[in-house]
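Now for the letters of each chain:
Number of protein chains: 2
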Amino acid sequence: MFARTKPGSATSDDSPMPRPTPLSGFPEWLPRQRIAEQLVLDTLRTAFELHGFVPVQTRAVEPLEQLLSKGETSKEVYVLRRLQAEEGSGDAGLGLHFDLTVPFARYVLENAGKLTFPFRRYQIQPAWRGERPQEGRFREFWQADIDIVGDGELATHHDAEILLAVLDALSRLPLPPVRIRVNNRRLVQGVCQFLGITDIEQTLRTLDKLDKIGVVGVRAVLVETAGCSAGAADALLGFAAVSGDAGAVRAAVAEVGAGGELVETGLAELVAVLDATVGTGAVIADLAITRGLDYYTGTVYETQLVGHEQLGSICSGGRYEALAQADGHTYPGVGISIGVSRLLSRLFAGGLLDASRAATAAVLVALPDEQSRAACSAIAGALRARGIPVEVSASASRYGKQIRDSDRRGIPFVWFPGAPGESDQVRDIRSGDQVPADATSWSPPAEDLHPRLVGGT
Amino acid sequence: MFARTKPGSATSDDSPMPRPTPLSGFPEWLPRQRIAEQLVLDTLRTAFELHGFVPVQTRAVEPLEQLLSKGETSKEVYVLRRLQAEEGSGDAGLGLHFDLTVPFARYVLENAGKLTFPFRRYQIQPAWRGERPQEGRFREFWQADIDIVGDGELATHHDAEILLAVLDALSRLPLPPVRIRVNNRRLVQGVCQFLGITDIEQTLRTLDKLDKIGVVGVRAVLVETAGCSAGAADALLGFAAVSGDAGAVRAAVAEVGAGGELVETGLAELVAVLDATVGTGAVIADLAITRGLDYYTGTVYETQLVGHEQLGSICSGGRYEALAQADGHTYPGVGISIGVSRLLSRLFAGGLLDASRAATAAVLVALPDEQSRAACSAIAGALRARGIPVEVSASASRYGKQIRDSDRRGIPFVWFPGAPGESDQVRDIRSGDQVPADATSWSPPAEDLHPRLVGGT
Chain R
399 MFARTKPGSA TSDDSPMPRP TPLSGFPEWL PRQRIAEQLV LDTLRTAFEL
449 HGFVPVQTRA VEPLEQLLSK GETSKEVYVL RRLQAEEGSG DAGLGLHFDL
499 TVPFARYVLE NAGKLTFPFR RYQIQPAWRG ERPQEGRFRE FWQADIDIVG
549 DGELATHHDA EILLAVLDAL SRLPLPPVRI RVNNRRLVQG VCQFLGITDI
599 EQTLRTLDKL DKIGVVGVRA VLVETAGCSA GAADALLGFA AVSGDAGAVR
649 AAVAEVGAGG ELVETGLAEL VAVLDATVGT GAVIADLAIT RGLDYYTGTV
699 YETQLVGHEQ LGSICSGGRY EALAQADGHT YPGVGISIGV SRLLSRLFAG
749 GLLDASRAAT AAVLVALPDE QSRAACSAIA GALRARGIPV EVSASASRYG
799 KQIRDSDRRG IPFVWFPGAP GESDQVRDIR SGDQVPADAT SWSPPAEDLH
849 PRLVGGT
Chain X
399 MFARTKPGSA TSDDSPMPRP TPLSGFPEWL PRQRIAEQLV LDTLRTAFEL
449 HGFVPVQTRA VEPLEQLLSK GETSKEVYVL RRLQAEEGSG DAGLGLHFDL
499 TVPFARYVLE NAGKLTFPFR RYQIQPAWRG ERPQEGRFRE FWQADIDIVG
549 DGELATHHDA EILLAVLDAL SRLPLPPVRI RVNNRRLVQG VCQFLGITDI
599 EQTLRTLDKL DKIGVVGVRA VLVETAGCSA GAADALLGFA AVSGDAGAVR
649 AAVAEVGAGG ELVETGLAEL VAVLDATVGT GAVIADLAIT RGLDYYTGTV
699 YETQLVGHEQ LGSICSGGRY EALAQADGHT YPGVGISIGV SRLLSRLFAG
749 GLLDASRAAT AAVLVALPDE QSRAACSAIA GALRARGIPV EVSASASRYG
799 KQIRDSDRRG IPFVWFPGAP GESDQVRDIR SGDQVPADAT SWSPPAEDLH
849 PRLVGGT
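Going line by line, the protein sequences match chains R and X.
Residue numbering for the first sequence follows this note's numbering, beginning at 399 and increasing consecutively.
Residue numbering for the second sequence follows this note's numbering, beginning at 399 and increasing consecutively.
Just so you know, these hints were derived from the structure itself, not from any lab.
Some clues are possibly wrong.
Any copy will do: because identical chains look the same in the list, a pair fits if it lies in one copy or spans two.
Listed below are the simulated SDA-like cross-link pairs for lysine to any residue, each with C-alpha atoms no more than 20 Å apart in a straight line [what the hints assert, rightly or not]:
#1 Lys610 x Ala639
#2 Lys799 x Gly710
#3 Lys610 x Gln769
#4 Lys512 x Gln431
Treat the numbers as computed from the prediction; the structure is a model and nothing was measured.
Please build the complete structure, drawing on both the sequences and the hints.
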């Protein structure tokens with residue numbers, strides 16, 4: 399596939415190598431799709447910054463023992479080793495992070511003395527999980543996260559603020575409508591306690607599988623392995639079947655008859671989130687949502703693309719009171735993560751999102767002959783100086799061929815240098831319109847300057 | 399360090415965990431530095447797009463056998479395995495890429511039928527090498543690459559075009575001046591042949607170590623292990639000592655007396671690059687430059703930051719005729735890679751580059767009391783709708799404290815909601831100037847809207 403080349407020789411051996419093929423679970427885009435992906439990431443970043451989040455990037459690796467303490471994902475961690483690592487070289491025991499929350503919690507602990515709290519950060523990076531690849535589930539995938547972390551305490555109004563920020567961000571993209579489903583783990587834990595369920599952690603993890611194994615499957619697991627009585631399982635499943643507004647949540651709690659501090663606190667937090675986001679029309683309570691990750695403690699979120707529910711959640715998160723703890727300090731946080739790769743894979747495959755063109759250049763400067771390259775580069779330089787992306791033609795082929803090349807590349811304008819004493823001309827190759835133009839003053843229409851994001855039909 | 403939390407409990411066990419410490423070789427920045435890094439990457443990307451390069455991202459992993467065929471870096475490759483990988487699961491034999499050139503060559507082979515050639519791409523990603531960390535040399539580091547690849551052939555004028563693009567990009571940053579050193583491996587190979595040197599590959603790799611082991615060291619290795627006669631080694635080292643303009647290169651070739659096709663071709667290519675870039679004043683020939691990687695075949699580049707030469711090359715690359723080959727097709731390329739992490743680590747450490755502030759928000763909306771949060775959020779929304787980044791104060795503490803918080807976070811303006819019937823006010827907390835303002839029309843000065851990149855003093 400690749401040639402190990404010897405200096406001075408352009409070929410390596412005589413056997414033709416086969417072309418490489420994609421690696422399952424490691425998606426790569428063509429440039430046009432990457433342009434669209436970048437525009438999506440730019441849009442998210444702009445929105446996050448408008449809401450005062452600051453950027454953080456963490457290294458790709460974390461100490462393995464930290465990754466492995468986070469529960470169900472441990473079997474999916476990619477472990478690193480140096481090919482020729484010596485004993486005790488200090489880089490044993492590293493793994494690739496499987497999300498951006500665990501690394502961020504570590505970053506907060508490591509840098510707490512240099513941060514101001516509540517600390518609001520966004521983080522847009524790949525993460526890796528060795529899962530079996532399937533639709534919308536990759537081994538390498540981009541996430542775009544926002545989190546707010548406090549020192550010692552974090553007010554509950556931030557739970558709603560995270561939703562308002564992420565809804566603002568998503569609303570800037572040409573997407574199908576989204577629906578965010580919210581629940582509160584304290585509320586569900588309180589209901590479980592009230593129902594006499596003992597293994598609450600296992601119960602919540604089982605509830606999270608409703609989508610996968612259904613009510614009958616979940617009920618069986620609850621009774622057989624989570625220590626629920628049949629009556630408790632039925633009551634819990636009835637509670638979890640409720641979704642809707644704050645009134646529906648209150649009615650569901652009343653129906654079970656549950657009370658106590660956990661239930662009261664969880665209910666109040668959930669209602670506060672619903673009240674603060676009611677104006678968006680995009681947030682509902684769903685008492686079945688628990689999230690698989692054990693570190694969530696209160697509010698939890700999942701997000702569906704309306705009409706594409708089978709894709710699963712494209713944007714999830716919640717409140718974690720104790721993920722970041724050291725030296726007796728606790729840094730409670732709340733955050734949400736947009737599964738950018740999952741979202742885009744569906745949008746691209748469905749023709750629902752695209753870039754307006756595959757080229758960054760708006761103009762191709764045609765080359766009359768190779769001797770004119772320096773003059774053509776000067777024209778390109780004059781256009782670039784005013785922010786217009788330009789390529790100079792790679793070869794001085796016939797103008798007809800240069801125009802076809804521009805068309806194939808998706809570059810909308812071709813610039814023809816004038817003969818001495820004559821004006822330059824620029825042609826819109828879509829309409830064929832050609833006009834005299836000066837490189838120090840001409841500009842393309844604003845919508846043609848850069849590729850844009852376009853939604854599906 | 400991290401707490402595995404149980405649902406409903408905010409603490410995990412009783413022993414206080416120590417704070418995590420940084421991993422050597424895996425740099426992470428504070429938000430202010432990350433803001434600066436992002437502005438640097440934005441600037442590079444903008445410049446690359448102005449020159450018609452399109453974005454590509456490749457997965458972080460490549461099949462190990464391809465990474466290992468690339469010569470000297472093989473011992474530094476990070477190998478991956480899934481923690482609970484089954485036999486024959488298909489993800490054995492993956493490693494993290496150590497540069498962006500090898501993955502890009504693979505990407506071109508894999509997608510050739512869907513690309514238009516010459517294909518111009520930029521790629522900005524981390525890469526990983528298990529090297530011993532030292533100043534400017536990291537285990538995880540960001541690179542920003544541009545390459546142009548042809549199908550079957552690629553005109554030599556692209557060798558200069560790459561330099562003009564990267565110099566334009568670097569000139570947009572507040573950097574110390576850069577000096578690009580150019581050589582041509584064909585020319586050096588031709589001179590070696592003329593001098594009767596047989597192990598040319600080893601000779602070039604040895605010459606590349608002049609910076610590290612000096613003339614005496616290189617001479618010893620050339621004579622003892624690369625099969626050079628003492629006279630040939632001296633002649634080659636005399637040739638390699640030359641740097642300067644095209645005239646100096648021609649004089650050096652004449653001094654050795656070398657000729658033949660390789661020498662003629664290499665000399666013509668080198669002179670063409672020098673001629674096309676002479677106007678920049680930043681490019682000189684340096685006949686000692688060979689680059690360590692075997693895949694380079696013609697033009698090679700290295701770049702120094704003037705006054706910071708000991709940092710090594712911050713921007714390197716060259717022509718590779720045969721890196722991408724399959725099915726009897728060859729895709730020759732030329733490219734250059736900016737070592738962003740190496741560059742920034744020096745600039746940050748030296749106080750030579752910074753962001754104008756650590757906050758993305760330009761305005762903090764002060765909160766008179768918790769009941770006013772919805773009203774304050776509405777003010778924030780009105781400002782954001784006009785592109786102004788805003789935070790609402792996290793708590794309704796005394797205004798004096800909210801102003802101090804804004805100052806500590808680096809947010810330049812504090813917005814005070816007016817009492818009913820009174821106008822809102824906005825204060826520049828640097829000057830203390832406070833004026834009446836309307837959220838639907840007020841804007842901060844353009845230079846305060848977003849953090850900016852500022853050079854050192």
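Check the structure against each numbered hint from earlier and tell me which ones fail, lowest number first. Of the numbered hints given earlier, those the structure breaks are 2 and 3, listed in rising order.
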